[in-house]
Amino acid sequence: MIVYLLCFILFLVGIYGILTKRDLVKIILSIGIMGYAANLMLILFAYRNNSIYPILSEGKAVSQMVDPLPQALVLTSIVIELGTTAMLVALALRLYEKYKTFDITKIRRLKG
Amino acid sequence: MPIEIWLIFILCVMIIASIAALEIKDILSSIIAIGVVGLGVSLSFLFLQAPDLAVVQFLFEIFALIILVRAFVKKEYHQHEESKTNLLISIVTIIVLGLLFLLSLPVFQNLPAFGKPLMTVSEYYLFHGALQTGAANLVAAIILDYRAYDTLGEVTVLFTAVIGALSILKIRSKEKNRETSNE
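The listed protein sequences derive, respectively, from chains A and G.
Numbered by the numbering used here, the letters in the first sequence go through residues 42 to 153 in order.
Numbered by the numbering used here, the letters in the second sequence go through residues 2 to 184 in order.
Just so you know, the hints here were simulated from the structure itself, not pulled from any lab data.
No residue lacks a Cβ here, since even glycine has one placed at the ideal position from N, Cα and C.
There could be a bad hint or two in this list.
Quick list of in silico lysine-lysine cross-link-like pairs, DSSO-like style, CA-CA up to 30 Å [as the list claims (entries may be wrong)]:
#	chain 1	residue 1	chain 2	residue 2
1	A	Lys62	A	Lys147
2	A	Lys141	G	Lys75
3	A	Lys101	G	Lys117
4	G	Lys26	A	Lys141
If you want the footprint, here are the derived chain A segments under chain G, 3+ residues with CB under 8 Å [as the list claims (entries may be wrong)]:
#	region
5	54-63
6	69-83
7	103-113
8	121-132
Could you put the whole structure together from the sequences, leaning on the hints where they help?
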């Protein structure tokens, strides 16, 4: 259970960064940390003691393999995360072009 | 050494690296610290018997580092702007998150223990996957056969995100061209 708790602490570090940091770059990094923690948590749920990877080969019993379903879902999630990170970076660069700063308290005047 | 000890070690390193990434002033150092976190995730995927995921996470990490360094390191904004965080907001946030952690402890006690998953759906995939799809890699069998519509949706989301990023950057370059022509 302590593994789950450490993974949850990693997620909470990400939330802390989003809530307190005023730098857009740090906020993007915090969103990345939360994504890592969520993916890792799903794979931790799938692990089975004394098991092997879910690829069929000679001499490997099917009943000794880890759960392949969360692995498949997390694989899609990682790829989507890359796309959203690229889009966040593009938005941040656009804001920098307009306001000449990454500080979110100075970007508050959202007009025009 | 049992696998749980290794995982606890890697997770502690990742937590320290993520706190460092959030607190370091220099932007290049914090991006490198995020790289430590991502490669730690890749390493723990290897320990958790997920080689496909480890490879994909490694590639993702390298691409994300390239994008972040390329985008943010040139801007020299940290030298002349001191970004001090509000101490009161930090303390209140830490207290609230600590309460959240304490209140969610019973949830983790009710989950199945580490290493003993519920495999009600996945047993079917494990025992019938090779016969029904002909794929030796069962993760690939699930992605490309049982959950093919899910993968189609994922590709749609990825395509939309890339189109969005490209169009945002294109607007920027167009406006820059207009400004330079006006001057």
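Hints versus structure:
1. A:Lys62 <-> A:Lys147: This hinted pair holds, its Cα atoms lying about 13 Å apart.
2. A:Lys141 <-> G:Lys75: holds, 13 Å
3. A:Lys101 <-> G:Lys117: Roughly 19 Å separates the two Cα atoms, so the pair holds.
4. G:Lys26 <-> A:Lys141: holds, 19 Å
5. 54-63: Since 9 is at least three, the answer is holds.
6. 69-83: holds (count 8)
7. 103-113: With 9 residues in contact (Cβ-Cβ under 8 Å with chain G), the coverage given for the region 103-113 of chain A holds.
8. 121-132: holds (count 11)
Going down the numbered hints, you'll see the structure goes against none, and every one checks out.
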